[in-house]
Amino acid sequence: MSKVMDAKVMAVFTVAPDTYYMELEAPEIARLAVPGQFVHVRSSDSQDPLLRRPISIHMVSRPKGVLALLFRVVGKGTELLAQKKTGDRVNIMGPLGRGFTLPLPGSRVAVAAGGIGAAPMVFLVQELANMKCQVTVYLGARDKKSLLCDGQFVQMEAEVVIATDDGSMGFKGTVPELMRRHSDWRRTAMTYMCGPKGMMKEISAMLAEADVPGEVSLEENMGCGVGACLSCAVKITHHGQVTNKRVCADGPVFPSWQVVWE
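Residue numbering for the sequence shown follows our numbering, beginning at 1 and increasing consecutively.
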């Protein structure tokens with residue numbers, strides 16, 4: 001069950017160009033959240049901007065009752081959110097959506113993340129580490145300065161393999177190109193993805209060819225965040241039929257083989 005609350009800002013700072021980390025005191029949401037879920041954030045007390053902003057849950061500390069967000073400034077709403085100070089209050093609703101399917105303890109899994117898509121994967125890897133899973137993270141970014149969360153993944157004892165578009169760190173190329181140079185993901189119980197649609201589409205095709213199960217976390221513009229307005233619908237195949245599913249309520253996580261990539 002989701003909660004609506006005014007969460008206290010415990011910390012907020014920049015971690016990369018136009019990218020911010022924010023900690024919120026939200027004990028009930030931190031207790032209920034699972035990897036892959038998100039919160040719907042009201043960035044202003046006024047009616048401008050009118051709509052809340054969906055932001056994935058980056059990490060939680062249940063003992064402290066704290067959840068963390070990692071977001072990129074892409075418009076007025078996130079710009080206002082980035083201007084918040086320690087001690088301010090932010091109205092949030094959550095946790096919302098369907099999260100990732102966790103494997104059996106001790107499983108070998110892969111994580112593919114590109115750009116700000118790395119944000120929700122930290123919470124996922126945090127849970128996988130608690131389950132003693134063997135995790136390989138294929139992490140991509142435009143360049144070294146834009147790379148996110150690599151240190152956090154390493155601290156959680158995941159193997160991290162990096163690709164940057166310009167080659168300023170790690171392999172020069174994309175995450176799918178990086179994965180083609182490695183074979184470990186072909187022997188995983190699950191491969192989890194979040195990032196640009198093109199990246200996820202390409203990796204989903206690779207997984208289907210190798211008969212490896214996968215899950216993707218999708219991002220769409222949202223209105224209500226609870227499945228009522230249908231503004232975030234995407235096409236999904238189910239029992240051979242194409243149907244519309246709501247990213248906010250039926251997702252944001254879907255089996256990779258079910259997504260109709262457009």
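Keep in mind that a hint or two might mislead.
As the list claims (entries may be wrong) - Here are the simulated distance ranges between beta carbons:
| no. | residue 1 | residue 2 | range |
| --- | --- | --- | --- |
| 1 | 241 | 51 | 26 to 36 Å |
| 2 | 85 | 182 | 39 to 49 Å |
| 3 | 257 | 15 | 31 to 41 Å |
| 4 | 183 | 51 | 42 to 52 Å |
| 5 | 154 | 211 | 44 to 54 Å |
| 6 | 61 | 132 | 28 to 38 Å |
| 7 | 8 | 211 | 40 to 50 Å |
Claimed, not checked - Under the rule of at most 30 Å between Cα atoms (straight-line distance), these lysine-lysine pairs were calculated in the DSSO-like manner:
| no. | residue 1 | residue 2 |
| --- | --- | --- |
| 8 | 85 | 64 |
| 9 | 235 | 145 |
| 10 | 201 | 235 |
| 11 | 197 | 76 |
| 12 | 172 | 145 |
Think of the hints as simulated: they come from the structure by calculation, not from any bench.
Where is the CB? At the ideal position from N, CA and C, for every residue including glycine.
To see whether the hints hold, each was checked on the structure:
no., hint, result
1, 241 to 51: 26 to 36 Å, "holds, 31 Å"
2, 85 to 182: 39 to 49 Å, "holds, 43 Å"
3, 257 to 15: 31 to 41 Å, "holds, 33 Å"
4, 183 to 51: 42 to 52 Å, "holds, 44 Å"
5, 154 to 211: 44 to 54 Å, "violated, 30 Å"
6, 61 to 132: 28 to 38 Å, "violated, 20 Å"
7, 8 to 211: 40 to 50 Å, "holds, 47 Å"
8, 85 to 64, "holds, 20 Å"
9, 235 to 145, "violated, 35 Å"
10, 201 to 235, "holds, 13 Å"
11, 197 to 76, "holds, 23 Å"
12, 172 to 145, "holds, 14 Å"
Of the numbered hints stated above, those contradicted by the structure are hints 5, 6, 9, listed in ascending order.
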